[in-house]
Structure formats: structure tokens, C-alpha cells
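Novice: Please put together the full structure from these sequences, using the hints given.
Protein chains in written order, with our numbering: chain C, 1452 to 1681; chain R, 1443 to 1875; chain A, 254 to 539.
These aren't lab readings, by the way, just hints derived from the structure by calculation.
Because the structure is a prediction, the values reported are computed rather than measured.
It cannot be assumed that every hint is accurate.
[Claimed, not checked] Pulled a few chain C residues facing chain R out of the computed Cβ check, cut under 8 angstroms:
#1 Phe1461
#2 Thr1463
#3 Glu1467
#4 Tyr1468
#5 Tyr1481
#6 Arg1483
#7 Gly1560
#8 Ile1562
[Stated by the list, open to error] Below, computed lysine-lysine pairings styled on DSSO-like, alpha-carbon distance capped at 27 angstroms:
#9 A/Lys529 with R/Lys1544
#10 R/Lys1718 with A/Lys529
#11 R/Lys1695 with R/Lys1718
[Unchecked claim] Okay, the calculated beta carbon distance ranges per label pair:
#12 R/Ile1481 with C/Asn1624: 54 to 62 angstroms
#13 C/His1637 with R/Phe1464: 29 to 37 angstroms
#14 R/Ile1491 with C/Lys1464: 16 to 24 angstroms
#15 R/Trp1833 with A/Leu522: 30 to 38 angstroms
#16 R/Ile1481 with C/Arg1681: 46 to 54 angstroms
#17 C/Phe1455 with R/Tyr1750: 32 to 40 angstroms
Positions of the beta carbon are idealized from the N, C-alpha and C atoms, including for glycine.
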Amino acid sequence: MEGFNYVDIFATKGIEYILVISFLLAFIVYWRYLNKPIKIRAKVPLKPVSTFNKWFNLSKNLYYHPGHSWVMPEDNNIVKVGIDDFAQKLIGKPDSFSLPQIGSQVEQGDIGWKINLDSKSVDVLSPINGEVIAVNDKILNSPELIEEDPYGNGWLLKIKVPKMNSNLKNLLNGKLAVAWMENTVHALHERMSGDLGILMQDGGLPVSGFAKELAPDNWEEIAAEFLLTR
Amino acid sequence: MKQKTVSLSLLKSELKRFIIFFISELRPKGKILTPFNIISAFILLGAIIILTIRFVKGLGAVANFSQDHPWGLWISFNVITGVAFAGGAYVLTFMVYILRVKKYHPIIRVTVLNGFLAYVFYAGALLLDLGRPWNVINPIIGNSFGVSSIMFLVAWHFMLYMLAEFLEFSPAVAEWLGWRRIRKLLVTLTLGVVIFGITLSTLHQSGLGALFLMAKSKIHPLWYSEFIPLLFFISSIFAGLSMVIFERGISYKVFRNRISPEHYLSHNDILIGLAKVCAGTMFVYLFLKILIFIHGQHYALLNTPMGYWFLAEVIGFVLIPGILFTQSVKRNNVFLIKLGAILTMIGIVMNRLNISIIAFNWNALEKYFPSWMEIEVTIAVIVIQILVFRWIINRMPILSESPEWARDHKEIKEKIWPIKIEEEKERWKVSIM
Amino acid sequence: MDRRNFLKTAGLASGTILSKNIPLKANETSKKAEFMGVLIDTTRCVGCRTCEQVCTEVNNLPEPDLDIDVLKIERKTTEKQFTLINGYETDHGEIYVKRQCMHCNQPACASACLTKAMFKTPEGPVIWKSNKCMGCRYCMVSCPFDIPKFEHHSPNPRIQKCTMCWDRLQENALPACVENCPAEALLFGKRHELLEIARARIYDEPDRYIHHIYGEHEVGGTGILYLASVPFEKIGLRSDLGNESIPKLTTDFLYGVPIILTLWPAFLLALSNSTKRENKNSDSED
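Specialist: And the structure:
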């Protein structure tokens, strides 16, 4: 008669416990690795911007005028103004900016300055009332700066604003600005549904100067329509 | 009395309008004689001929499955693998309706639609495979209820899940037909139906694995364990999501004119989010595989041909796509995601075919290889699914926005701020606030 | 039980059963479950293959091919042949083994069948009834012995296998193979009595037999029992099937189902409630 086969049914239990503990540790490491982004995309400005969409960036804490210009309050009733990412992408790399002289007055909702490209020019509304006290020489000399950094180094004018509060009340900020940008994008999409292929690069961001893509012959009218200067 | 006649006549007129509308919608939009349509027509014609032969002369006349391999391509691929790929529906409904991750909202309808169509057509493929399809009502009506059978469980869950998917998807149908009240009613059912669907999915995804539990002596030890149901369930998560990624990549190009703006904006975001979930799940799955392998103590078997095949499946088509997904998330690279999705899908096909055909009775003398007729019918089932999908996408608000009356404007605001905007460091002083 | 009682019972049982002319009633008057079985003593089988022939006669199947040399080829049952003899060259000479459905105590095929077309009768034999079967072939996937066979070439296919002549048993006749075995290698009777007879045979001639009754415990016990003079894996009977019944492998999953059906909805509902934001009025809109 043979003996019987003894089977150790718990043979691997010890190893399994060790395995599970090492799994838990490994998982923590893996999860942290997975969630750390490896590099910042060069296209996105390094400024902390919060955006819900990747088409056009909005910088938080700026005040926006529906004509696609922005206001950044500084000390002593002085503000910086410029054009937003949408306007910048709409027109593309400009040839030059025509900015008002120091000392001149600008009015909210009136034409503030011009952008020049290919012997055509587009008006932009001023977002605020006040006196121009400084002009950005850098942008006058290198207009392409507007593409890289429309909210920072691409500022256009510094203006002294006597009635800061009431001016700011007419402007869009925070959630309202985001909603407004969403509607702009929607309107753009509705209008262009069919042409979107032309507009999109790989990765889905609109090409720079898309007004020209949409209407090569009279892009300035399209642009003026969006910038409310038509 | 007047009320009744009013509502009856309303019903009649609505029915008439529905029928006319439906028939007009059946007409194809766009060109009829595209290459895809022509090829599909041939494939479907071939399948009809083959199926006629199958019903007249028996399964053996068209299929190669045998006494040693009772389940062939139709069950193993169309049903078992197909169901794993349809797992995107329950994962996404979990994320969108339970966890309320609004990011995936743009694709929830199309994923549920795909899940519904997958189950409908794979149930159809199952009916073709049955020896006596007309008797399929027996376990449904009670002649008899073989409750000891896991197949019974799986069959019932399939039916209930199809119902759940249809109800989840029905608001889109109601929007297409303009039935406002009905749509409202259906929308209130959503949460309950979603919970039902997720529970059912858990059970039948693992149930499909549990079908093989009894074949302990017939499946190669590297693939058999008492944890097959758990592995099937977990792999269905990343199988389903990989199919969603794959299908999104194609639909994004093919159905571009139907996609809503919200969807356009978030397409890449969605893909990266899905890749992250896949990566995490695959990490867990790999660990479970290791644990089960050590538990089984079949170390020596790795050094055999079947062992190499096992390693190929796990390393080549689970570990490597897992790495691809991880890297794609970190580098924000959509191409890696698509590549990872394809590799994952191949891995799932391998895994399911292994358990049901290749590692099943692996040392039998007769090896099973599907006949060309089986392959033809398999492809036909997939083709017809694509055709129905296309018909629906081009007419109903799945990828495109709901009609104006169905959109909740409060929701749109919600969609704009999916997460609280984080506080940032102030870069400049604001003089007056 | 002590030796005196054992010998008494064994003698009595052997006496009654060995006289083939007394037909055994399939339904005993005793109330307890009593499975019938067949004891196959491979040391007595001479490989005449009469069992194969009478089986095909009784079941209206085509005649088996008697020209095949069973020692040269190991066959499997088919949809047209429910039982067969496989021959093996061993160091104990030529051994012939009758193969057919094992009529397990806990049949995998019966638990697999979702329409109860395959079921275990109270008398013991596992049979297939045609009106319910839908041809899913799950029974074939589950059987550890690969017994159920499918009629691939029929538009109305059946599952075919040995039925232990259940129809004949209803008329108080013996299974055809048992009745016609000229070498008295087959014995039909109540399973527990067959086990005792088998043990008696081993006890009486310990050198003639391996001290193991195949089917006593394999896969939870089968209705067909084997005795042999060589280890069973040498004559085609797998010894790696374990003693646990095959359906038992699925009970953990099946009993987990109601638990998941209870826990998952509760958990999901709780989760969905906790992610609801306070300023939302409705929670189930999509």
C-alpha cells in the first residue's frame, strides 16, 4: 500500500502576503508617476492660466471687453491693456500696431488702436476710459510678440483711469469671461461648421490668423465683425 | 369620454407621423455606392448564403468546431470577446453618472449606443451558433430554469442588460422623434438604469469567465484558475475603454460634421483621461496575474511552447500597452494612446480566444481553426453593426448637440466649470476690487 | 462494520447480483436516494466488443467498425457510438477498457445545462431530453471526460451519449452492454453495493488489482466504477481530476451573485449621492 500524498495547501501564502504589500507600495509609486506631467507644452504660456478649453487661453483675474481687449489693474488707478488670445489668433502675426500717443484720451467702447497687416488694418475697441500714460515699445518694435505673450509682455498701453470701479463694472471677469469665451467659440463653430478642417492643426488648436483662412480676400471684415468694430 | 377620444386620436396621428418620419429616415443620406457600402453589401450577401446552408444542412457544414472544441469563432470571438469590448459602456456610465466626472459627458451617448448595438448583434451571433436557436426561449419562459448553470445567469443578464442599455440610450431616440414628455420620463430613469446596468455588467463580465470554471481539467494551467471571473471583469474595464479610444479616433474623422463643439474642445482631454484609467487598471491586472501565477505554482510550465505564448500575451499585449498608456498620459501624446489601444485590443482577443479555444483541450489531436465561412459570418456581424451605427449617428443627437428644447441651460453653465477653478498665486496687486 | 457482517453482506450481495437472470428493478422501494451504477472489471474484459455492437443495435445507431485494431488506436466516443473498447499494451499484458459516459454523482453536464435538457434521473443515469435543448454545447465544455457529443451534421442536432439504457431500465431490463457481456466483466446494480463488491474483489485477490476503485471518489464519485490491474492513467483514465465534484467549482461564483446584486446597487447609490453637489437641484439629469 502506498502512503498518501501530502499537499501543503498554504505553500504560497507567505509569498502572497509579501507580494500584496509590495504591490501596494508599488502602486503608490506608480500612481504618483502617472499623475506627474513630464514636460510643459511650449505652446501654452508659462503664466498660470486657467482655461477650460484649449482653443483660446484666458488669463484669470483680467477684465475683458467684448471687443476682445483686456484690462489689468495695477496700483494708483493705472491699468495695462492689450488684446486677448482670440483676437491675436484671429489676425495672426501683425505687421505693426498703430497705438495712440502718450497723453491722448481713450474711451471705453470707442476705437482705441489699430492692428496692421498686409496693407489692411483692423480697429480694436478700447476697454476703458482714461489717459494713455505709457506705450509698450517692445511691441511696437516686434509686433510678433503678441503671438507669444498676449497677456504679459504683449501689453499695448498703460492708461490712467479716473473712474476705475464704474469702468470695471462694464467688463467681464472670472466666470462671466469664461462663459463669454465659450459662446464666442460656439459662434465660431456654428459659423464655420464645414470649414473647421481648415482651421484645425493636428492637436486641434486653431491656426494662427484664421480670419485669413476663412475669408482670404476680406479677412479684415471678418476680424472687424468679431472685434465689434464693423 | 372626450378626453379619451382626444388622446386616442392624438396617439393615432403621432403614430402616423412616426411611421412616415421613420420610413423617410430609412433612405440613405449621402452617396450609396461608396467603396465601403459595396464591400459591405458583398459581405452581407455572402453571410446570408452561408447562413442558409447552416440552417439547412447543420452547423458542421459551415463551421469547424468539433467534439473536442465545441465552441468556435462565433462564440469565442463575437460573443465572449465582443462583450469584453462593450465594457466601455458600464465604465463610462459609472464615471459620468455616479462619479459625475463631467469630462466624459460628450462621449457617453455614443459609448452607450455602441454597447447596446454590441450586445444586440452579439446576441444575434449567438443565436446563429446555437444548434437549435428556436429553443432559446426555453430558459426564458421557464422550460426549464436551469438555475445551477452559469450559462443561465449569463443569458438572463444579457437580456436585462440590453434592456438597460436601451433605456439609457432612449432619451436620444426621444429627442430624434421629438417626444418631449417621454424624454423627460426616460431621463428620470437614468440613474436607476445606470446602477442596474453596472451591477449586471459586473456579473456577466465575470460570468463569462465563470463559464470556464468547470473546465478545470481541460484548460491549460497557465490560463485556468479559480480567479478567471475576476480577471475577466478587470480586463473588461480596459478592453472596453480601449475600444472606446479606438472608436473615438475613427468617428472623430468620419463623423466630423456631426460632432458638437463641446466635444471638439475636449477630445484630447477625454482620450488622455481614458488612457489614465486604462493604465491604472492594467497595472492592477498585471499584479493579479503575477499573484495568481505564484499561487498556482506552475513555474516549470513557462518554459514550454504554451508558456511562451502565455508570456507573449501578458508581456507583449498587456504590459507593453500599459507602459504606452502611462507614457502617453505623462507626455500628452495622443498617438501613443491610439497605439496602446490597438495593442490592448489584440491582447484581449488573444486572452479570450486562448481560454475558449487555444488553451482549451490544448493537447487534443485535432486542432481547431475556423473555416472561411465562419470568418465571413463573423465579419458580416461586425459590418452590419457598423452600418446600423452609422445610420443612427447620422440621424440622432448622439455626437451632435441635443435639439434646443432638450438642452438644459443650467447644465451648460455646469459644463463650463467642471471643477472649481483653482486659486492661483496673485501675480499682481489689484488696486480696487 | 465488523468482518462478519461485511462477509455476510458481501456474500449476499454477490449472490443476488451475480445471477444475471434476476432483473433488478430500477426503482427500489427504499426512500433514500439510490443511484444505480455499473462496475467494469478490466481484468475480465477480453475485448470481444460485443458491448459496442449491442449498444448500437439498441440505440438505432450504425454498426461499429469491427476491423479496427483497438490496440493500435485510442478512440473517443462519437455521436454515433456511445460506447467503445480501447486496448492498451501494458506490462500486465493487453488490457481492454470500456469507455462511455461516467454518469457522475454530481454531473458537470447537468449542472451546466441552462434548460435542464441534461439532467440526472433519480435512478442514477444522466440523460438528455430533446425537447428542451437549444444546442449551446455548454455541457460539452464542462464535462471532464469529454463525453457529450453534438450532431454537427444535422439541422436539428441532438446531444448524444450513453444513457445507461434508461428506457430499458424503466422496463426492468438490464443495460444492453451488461446483459450481453460474455466475460462477466460488467456488473449492474446499486452503486454502494457495487463498491462493496469491488472492495471484496480487491480484498480477495490483492495481487490481481490495483488497490483503488476508479470512480469511487473521482470528481465526487461516478456511477461507473472501474477495477484494473495497472495504474489507471496507463489505460486512458485520467488520475488528475481530483475528488471534488465539477459543479462545486462554480458554487463560489454562483453564490457570490446575490451578494453582488445586493451590495453593488447600495454602494453605487451611496456613491452617487455623495458626489451630488449641494447647489444642484436635480440629480438625475444627464
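Novice: Does each hint fit the structure? Answer for all of them.
Specialist: Results of checking the hints against the structure:
Hint status for phenylalanine 1461 of chain C: violated, given a least beta-carbon distance of 11 angstroms to chain R, over 8 angstroms. Hint status for threonine 1463 of chain C relative to chain R: holds, with the closest Cβ pair at about 5 angstroms, below 8 angstroms. Interface restraint check for glutamate 1467 of chain C: the shortest CB-CB distance to chain R comes to about 6 angstroms, inside 8 angstroms, so the restraint holds. At its closest, the beta carbon of tyrosine 1468 of chain C sits 11 angstroms from a beta carbon of chain R; the interface hint therefore is violated under the 8 angstroms criterion.
Satisfaction of the interface hint for tyrosine 1481 of chain C is found here, the shortest Cβ-Cβ separation to chain R being roughly 6 angstroms, below the 8 angstroms cut-off. Interface restraint check for arginine 1483 of chain C: the shortest CB-CB distance to chain R comes to about 11 angstroms, outside 8 angstroms, so the restraint is violated. Because the smallest distance between the Cβ of glycine 1560 of chain C and any Cβ of chain R comes to about 20 angstroms, over 8 angstroms, the interface hint for this residue is violated. The criterion of a C-beta within 8 angstroms of any C-beta in chain R is not met by isoleucine 1562 of chain C, whose closest approach is roughly 26 angstroms, and the hint is violated.
Taking the CA atoms of lysine 529 of chain A and lysine 1544 of chain R, the gap is near 12 angstroms; set against the 27 angstroms cutoff, the hint holds. Between lysine 1718 of chain R and lysine 529 of chain A the CA atoms are separated by roughly 24 angstroms; this keeps the pair inside 27 angstroms, and the hint holds. Note on lysine 1695 of chain R and lysine 1718 of chain R: the hinted pairing holds, with a Cα-Cα distance of about 23 angstroms set against a maximum of 27 angstroms. The given range of 54 to 62 angstroms is respected by isoleucine 1481 of chain R and asparagine 1624 of chain C, whose C-beta atoms sit roughly 56 angstroms from each other.
Under the hint 29 to 37 angstroms, the C-beta atoms of histidine 1637 of chain C and phenylalanine 1464 of chain R, about 31 angstroms apart, fit the expected range. At about 58 angstroms, the beta-carbon gap between isoleucine 1491 of chain R and lysine 1464 of chain C misses the expected band of 16 to 24 angstroms. In this structure the hint that tryptophan 1833 of chain R and leucine 522 of chain A lie 30 to 38 angstroms apart at CB holds, the actual value being about 36 angstroms. Look at isoleucine 1481 of chain R against arginine 1681 of chain C: about 51 angstroms separates their beta carbons, and that is inside 46 to 54 angstroms.
The supplied range of 32 to 40 angstroms is met by phenylalanine 1455 of chain C and tyrosine 1750 of chain R, whose beta-carbon atoms lie about 36 angstroms from each other.
The structure does not agree with the numbered hints 1, 4, 6, 7, 8 and 14 stated previously, though it agrees with the rest.
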